[in-house]
Amino acid sequence: MSRAETSTESLLFEERASRIVVLLVDDQAMVAEGIRRMLVDEDMDFHYCSDPKAAIQTAADIGATTILQDLVMPGVDGMTLVRFYRNHPATRNIPVIVLSTREDPKIKSDAFNNGATDYLVKLPDKVELIARIQAHSRSFMAQMERDAAFAELHNMQKQLEEANAQLQLQNEELDRLSSQDGLTGIANRRHFDQVLEAEWRRADREQTMLSLIMTDIDFFKLFNDNYGHQGGDDCLKQVSAALQKTICRPGDLVARYGGEEFVLILPNTPVESAMIIAEKLCASVRELKIKHELSKVSDVVTFSMGVATMIPAPGMVSGLLISAADQALYEAKEEGRNRVCRAPAPR
Numbered sequence: 503m504s505r506a507e508t509s510t511e512s513l514l515f516e517e518r519a520s521r522i523v524v525l526l527v528d529d530q531a532m533v534a535e536g537i538r539r540m541l542v543d544e545d546m547d548f549h550y551c552s553d554p555k556a557a558i559q560t561a562a563d564i565g566a567t568t569i570l571q572d573l574v575m576p577g578v579d580g581m582t583l584v585r586f587y588r589n590h591p592a593t594r595n596i597p598v599i600v601l602s603t604r605e606d607p608k609i610k611s612d613a614f615n616n617g618a619t620d621y622l623v624k625l626p627d628k629v630e631l632i633a634r635i636q637a638h639s640r641s642f643m644a645q646m647e648r649d650a651a652f653a654e655l656h657n658m659q660k661q662l663e664e665a666n667a668q669l670q671l672q673n674e675e676l677d678r679l680s681s682q683d684g685l686t687g688i689a690n691r692r693h694f695d696q697v698l699e700a701e702w703r704r705a706d707r708e709q710t711m712l713s714l715i716m717t718d719i720d721f722f723k724l725f726n727d728n729y730g731h732q733g734g735d736d737c738l739k740q741v742s743a744a745l746q747k748t749i750c751r752p753g754d755l756v757a758r759y760g761g762e763e764f765v766l767i768l769p770n771t772p773v774e775s776a777m778i779i780a781e782k783l784c785a786s787v788r789e790l791k792i793k794h795e796l797s798k799v800s801d802v803v804t805f806s807m808g809v810a811t812m813i814p815a816p817g818m819v820s821g822l823l824i825s826a827a828d829q830a831l832y833e834a835k836e837e838g839r840n841r842v843c844r845a846p847a848p849r
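The sequence shown maps to residues 503 to 849 in the numbering used here.
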């Protein structure tokens, strides 16, 4: 549909929505003709229904803004029909003006109790009838406009909430990806730095031990030269999965530090426990039995590890823990690789 057609359709809808539509439900054609003549010069559409069983459907089809309902009809009396209007979703809010032959307070009270909006004795005065139809129709149309606006606002709010929820999911996914190593799927260096700082501050507050394990695959350059970069990537994936599987506590972190180096953060862990974990990690990598023909210490891939443990003290920074673990890793390599060395306790 073109923009012009859409605009035209919108204008037609607005015109229809703002136009008064009257439905008379009465079995007497003479009454219908009399009311039609009263309304003929007015800016409103008049419709007549002589079958009470078709009244609700007709009101819905024509978009009635006011229903004129005769009280005495064959088959279904007017009071019952008024209740039907109020119980049907298509007509429950449409104003209903009851037309009666008698000015009887009891009948009038019953009509209002059953859901009538107004009550007139037929045939009513032309000026009064027109005034009441206009007042009730305008009130009804104003309410419909408010309801439509509220529904549209609710729909827009729902769409906004859905968009915000989707944006939140996307942000969470981006945050996850930004903290994840693209090759191995474990934490990357950026995430490691953030977690280490947070754990260092917590250990400082609580004066608890914080352990760090620095690891390096032995002779990984020779491994890459022999098996190619794809083989090297496959090795890194298997090794990182083994490290991740060995660590059980939710607060522990395994991260890729760079190249073939990995690092583990172990909060609230004394050095003895950290050493046991490091030995388990070395064993888990050896158990993978990844063939390494050019290794000078084994025929399978092995690890060298350095362990450091500190309780933060005033003036100390987390970089000291990294340096201590890195120095221990260097000593493990100097002593022949495929082993774990611990850093001396800080003085």
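Hint data in this document are derived by calculation from the structure and do not stem from the laboratory. Check each hint, because a few of them may be wrong.
[To be verified] Keeping only pairs whose Cα atoms sit at most 30 Å apart, straight-line, the calculated DSS-like set for lysine-lysine is:
(1) K608 <-> K624
(2) K608 <-> K747
(3) K793 <-> K723
(4) K739 <-> K793
(5) K782 <-> K739
(6) K660 <-> K610
(7) K793 <-> K782
(8) K747 <-> K798
Structure-based check of all given hints:
no.: 1; hint: K608 <-> K624; in the structure: 17 Å, holds
no.: 2; hint: K608 <-> K747; in the structure: 84 Å, violated
no.: 3; hint: K793 <-> K723; in the structure: 14 Å, holds
no.: 4; hint: K739 <-> K793; in the structure: 15 Å, holds
no.: 5; hint: K782 <-> K739; in the structure: 18 Å, holds
no.: 6; hint: K660 <-> K610; in the structure: 44 Å, violated
no.: 7; hint: K793 <-> K782; in the structure: 20 Å, holds
no.: 8; hint: K747 <-> K798; in the structure: 27 Å, holds
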